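The opening position of the first sequence corresponds to residue 1 in full-length UniProt numbering, with each subsequent residue numbered one higher.
Some hints could be false.
[To be verified] Under the rule of at most 27 Å between Cα atoms (straight-line distance), these lysine-lysine pairs were calculated in the DSSO-like manner:
1. LYS346 to LYS296
2. LYS340 to LYS318
3. LYS177 to LYS230
Calculated directly from the structure, the hints in this document are not laboratory data.
Source: prediction; values computed, not measured.
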Amino acid sequence: MILISDPFVHTLLEWYPHNKRDLPWRNTNNPYIIWLSEIILQQTRVAQGLPYFEKFLENFPNVEDLANSSEEMVMRLWQGLGYYSRARNLHRCAQDIRDFHSGIFPDSYQSLLQLKGIGSYTAAAIASFAFNEPVAVVDGNVFRVLARYFGIATDIASNTGKKEFEALANAIIPKDKPAEFNQAIMEFGALQCVPKNPNCDQCPMKAGCFAFNNDLVHSLPVKIKKLKIKERYFRYAFILCENEVVVRRRGEGDIWQGLHDFPMDELSSQNESERQIGFLKEIQGFMTIYVNESEKWYKHILTHQRIFANFATVIVQKEYRSILKEWADKKGFQLIDFEKLEDLGKPRLIVKFLDDQKLSLN
DNA sequence: ATCCAGGCTG
DNA sequence: CAGCCTGGAT
């Protein structure tokens, strides 16, 4: 580990003093100022947080001033910065320091972690910047820099990923320069090893960077997207004419590509279920049809979609077969023998529906 | 218009 | 592990 990380740490600590931004919360050991800046900078860009930092420090020069302020005042000053639980926790934390710590900031990672609004990142930041405790910060920048340089593909959103990166960072942090290392790796992530299109040709780390040397810069770090499940509502028409049925082959750009299902309308919500299937109006203009609505909504789960499907059975008299065929051709649907349906690839949802039809025929 | 980043809490 | 918010990117 030392052999691998040594050039990393060395290059990083060489790079930092020449490239660091001059920010007002740097170059201080005051835990109050460091804490205040870290809470404000959580989920917040420097440019947006800077004026708030100055405003807070002006109004509350020390932790007791903040503790003695009202929550209303704190919330008012925080206005516009977002994530307002940070402001409530900020105030509560200041009061707890006043009431239970004699107004003195706790000075270790573990004790800082007990305070409101201080998690592992912020505890490590304060412990290292203010008290030189050799504990590594792991924020979004650190994930990215370590994942790329060391070629780690573990999902950074997972718990195991977080532990793995924390272990690595804590293994390589120089015990004699924890503050400088922590500042350096975050600044490197913020300025050089940026999320999109980093300028790797100019990067001082490229010789030892796994991602650069293996063309993986754009795929690291791995972050598994929290897939938000989309709900969709399919209103199918199961159109029968004698022994034939109307099917369609699903095309590109959606689920079930190349499989077969039936003509359908997609609704924006289940409430629209009253609405008649749009294209049935069309064919009703040419022919008499019998529509058998069903109350049943099939539920079909995919990785990223939850589909609710409802089927209306439509009976077309055989004298209208040629008109139906003409309409189907125009729409790109097929009119096929019901028996042939067995041979076509179909989504599970459709198979289930067809199975239910067989049962109801018996 | 929609998507995304970003630590902590309960 | 979802929810919290905003501004910037697309």
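Q.
Check whether the Cα positions of LYS177 and LYS230 lie no farther apart than 27 Å.
A. violated (48 Å)
Q. Is LYS346 close enough to LYS296, meaning Cα to Cα at most 27 Å?
A. holds (20 Å)
Q. Is the hinted pair LYS340 and LYS318 satisfied, with a Cα-Cα distance of at most 27 Å?
A. Cα-Cα ~19 Å, so holds.
The structure is inconsistent with hint 3 alone, although it conforms to all the rest.
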